[in-house]
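> From just these sequences and the hints, can you work out the full model?
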Amino acid sequence: MVIFTTHGNSIKHGYHSTWGHGVPDFYAALSPITSNGNPASMFLYTGNSIQSSKSSSLGASYITPSASFGNAISQGLIGEIGYAYDDLNGGFKYDMSKTVNVVNYRAPTISLTSELSKLDTPLQSRSSSDWKRNFSNVVSTLSKTKKLESSFTLGASSFPVQSFYGSNSDLETNLSDFQAPYLKNGEGGLGINTNYQMGNNRLMLGATTPIMVDNLTGEIVGQRKSLIASLEYGDPSERAVTIMTGITQDKENLLGLTGNDAYSMSGSKSNTTFAAFKAQNKLKNNLTLTGIASLAKTDMTEPSESFINSASNVKSSSVSLIATQKNIMGDDSLQFSVSQPNRVNNGEMSIRLSNLAESDGSISYRNTNINLKPTGRQMVYGLTYRKDLDDGIGFSVKHLLTSNLNHNQDSDLARSSYIGLRYKDLKLGYNINSQDLSKNTELSFNRLF
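To convert, count from 1 in the sequence shown and add 171; that's the numbering used here.
Hints are all accurate, no fakes.
Computed cross-link-like contacts, DSSO-like style, restricted to lysine-lysine with a CA-CA straight-line distance of at most 27 Å:
{"#": "1", "residue 1": "K289", "residue 2": "K303"}
{"#": "2", "residue 1": "K558", "residue 2": "K497"}
{"#": "3", "residue 1": "K595", "residue 2": "K497"}
These are computed hints drawn from the structure, not numbers from a lab.
Note that the coordinates shown come from a computational prediction; the quantities given were computed from them, not determined experimentally.
What follows is the structure, encoded as C-alpha cells:
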C-alpha cells in the first residue's frame with residue numbers, strides 16, 4: 172500500500188507499507204516547484220549565470236508585435252525552446268512561440284460621429300486648392316518673408332509631415348488614415364522647420380527631438396527624433412506631387428513592436444530611412460485621383476538584458492489609391508478606395524535562445540534569426556456615396572471590406588457598414604461591424620439660436 176502525504180512546501184512524498192518512506196510522486200517531481208504553484212511564475216535569466224543574473228517572471232515576459240508584422244514573430248518562434256527555472260533552480264522547457272502576445276488589431280471601422288458631421292458641410296464647399304498654410308503647435312516664428320519661413324514647434328510633427336497629410340485637394344479623403352508608424356502625425360518634441368516658397372512649389376525641411384518640459388516630474392514631450400525634407404510640386408487645384416524623404420529614430424520599439432521583461436527592448440534604438448510619395452490629380456470631369464505610397468528600411472540596435480538581439484534590414488511599405496467622382500447626378504459624390512496598410516516585407520530579428528543551465532549555474536546561448544515577413548497582405552476596400560438632396564437634406568452610405576486582417580492569411584473577412592441621414596437640424600446614423608458584431612445608432616439634434 173502506498174500513502175501520499177503533502178507538506179507545506181507543496182512537495183508530495185510517499186510511504187509504502189513494505190519499503191517505507193521515499194516513494195515519490197513522480198508527476199510532482201517532474202513539475203516546476205513555485206511558491207504559488209503557478210508555472211507562469213517561474214523565472215527567466217538573460218545573463219550568463221543563474222546566481223548573478225537578474226531574473227524575470229515567465230508570465231510577464233512577452234513580445235507584442237505591431238500590425239505591421241502580422242503573425243511573423245509567432246510563426247518564426249514555432250518549435251523554438253527556451254528554459255525557465257523554478258524556486259529550486261530546476262530548469263524546464265517552455266515554448267517560446269507562446270511568449271508572443273498576439274494582438275488581434277481591429278479592422279478599420281466607420282466612425283458614426285465623424286461621418287454624420289460631414290453631412291453638416293455642403294459638398295460644393297468641401298474642396299481645397301492650396302498647400303497647407305496653418306501649421307500646428309508653432310510656438311515661435313524665427314523669420315517670415317514672402318518666400319521663407321522658419322519656425323519652432325512643440326509637440327507636433329515637422330512641417331514636411333504636417334503638410335504631406337494636411338495638404339489635400341480632396342476633402343472627402345482623410346489622408347491621416349494612411350500614415351506609416353514612423354510618420355505618425357502629431358508626434359514630435361521640439362521642432363525647427365523651414366519652408367521655402369518657389370512659385371507654386373515648396374521646399375520644406377524639419378527636424379524634431381524629444382525634450383523634457385518638466386524637471387520635477389520628468390515629463391518628456393515627443394518620443395521620436397526625425398530629420399525630414401519634402402518637395403511639393405504643382406498646383407493643388409489641378410495636379411500636385413509631393414516627394415518626402417528622411418530618417419527617424421525611435422527608442423525601445425521597432426515599427427511599433429514592443430517587449431516586456433526578458434524580452435524588453437530597453438536601450439534599443441530603431442533607425443528608419445524612408446521615402447514617401449503623394450500625387451493628386453483633379454480631372455475636368457470632377458474626378459479626383461489620389462495615390463500615396465511609402466517605402467522604408469529599419470535597423471534596430473541590441474537592447475540591454477534581453478532575449479531580443481537586434482533587427483536588421485527590415486523593409487516595409489504601404490500603398491493607397493483613392494478615386495472620388497463628384498456631380499454624377501447633381502450634388503453627390505462617389506468614392507472608391509483600396510489600400511494596403513504598412514507591412515513588413517522582409518528583414519530579420521535575432522533572438523537569443525538559452526540552453527539549460529550547467530550544474531554551476533552558468534548559462535550559454537544560441538542565436539536564431541526570425542524572418543519577419545507575415546503570411547498575408549491586409550487589403551482594405553472602401554466604397555462611399557453621399558447625396559445632398561436639398562438645403563439641409565442629405566444622406567450618405569459607406570462600406571469597408573478588409574481581407575487578411577493583420578497581414579494574416581487565415582483571418583476572416585471583416586466588414587463595416589454605415590448609413591446616415593440629415594434633415595435640417597436632425598441627424599440619424601447607424602452602423603454595424605462584423606468583427607465584434609457591434610451595432611451602433613446615433614441621433615443628434617443641433618439648433619442654433
